[in-house]
Amino acid sequence: MKRAARVWKTVLAVLCAAMVLSTTAQPEASYFTTVDLFVVSGTPVAAWQVELTERRGAMQIVGIERGDDSTFRDPPYYDRVAMTRSSTDRIVLASFSLSDAAQLQSGRVRIARVHVRMTGAAAADYEARLVAAGTADGRPIDAQLSIETQTER
Amino acid sequence: MDPTTEQPEILPAAMISRLRALDRAEPIVDPRTDRAVLEAARAYFDGRPAAARARRSRWAVPLGAAAAVLLAAVLMRPLVFQPLADDVDGSGSVDVLDVLALARMRAAAGDASGVTEARIEELAYRIVALDSARRVP
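Protein chains in written order, with our numbering: chain Y, 1 to 153; chain R, 1 to 137.
Read the hints as simulated data drawn from the structure, not as lab findings. Treat the hints with care, as some may be off.
If you want the footprint, here are the derived chain R segments under chain Y, 3+ residues with CB under 8 Å [claimed, not checked]: (1) 65–72; (2) 90–97; (3) 102–116.
Just so you know, even glycine gets a beta-carbon here, dropped at the ideal spot from N, CA and C.
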């Protein structure tokens, strides 16, 4: 009788331990993705400033690159302090070029690429806002902003 | 001859006393008339619509205060609302176009522009700062 009770207690303890381990040891699902930012403008863009937000707060920015125009700074200006704190569910990027208007790009121009680590299984909910854009002589442009995402792995 | 002492000597005493009586201040309106006018005025103003009186008192103070604030704002504007030093292009907001304006000034005139590379970098990093303490106002 005593032996049977001991066996039951052992089985119960093992089951409890297994249950606890199965709930705590699961790694949080995450994936890496890139967010490409495009400015669409009929006039050549010499300066831009955008704000990128992930509404669920699941975004961690792990890298930033400039876009296709090599005359712009690489990487664009961003808040380095916020990046080191990993609190980057929102980021502001900005850059400019002193090139002549003839050398600058117009149309749909990729201005930056943001490398992101997303946590959780739900799809990201990005919001991108063009704060300002301007021509080579400093005039503001009424341009459009669009984003494209691509999962890396 | 003294004119003040001349008349009593010439005029008869009865006339003098009547003239003195005329000089005495007599009440033009007696208390009963005064009271009647007051009551009539009260009755008139009490009979006016309450809304008309209330509207005047409701709007007079706020409008007066608003006018005073507006006047003060107009007079104090040059003292209080100084143009931002970072608003280089005068657009009313500080953004990357102000950084570009600084960079163009330096590119055009070099050190003579008074704009340093450090100043350009400092403003550029402030416009992208997420922390309110470091952000451009």
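Determine which of the earlier numbered hints do not hold for this structure and return their numbers in increasing order. 1
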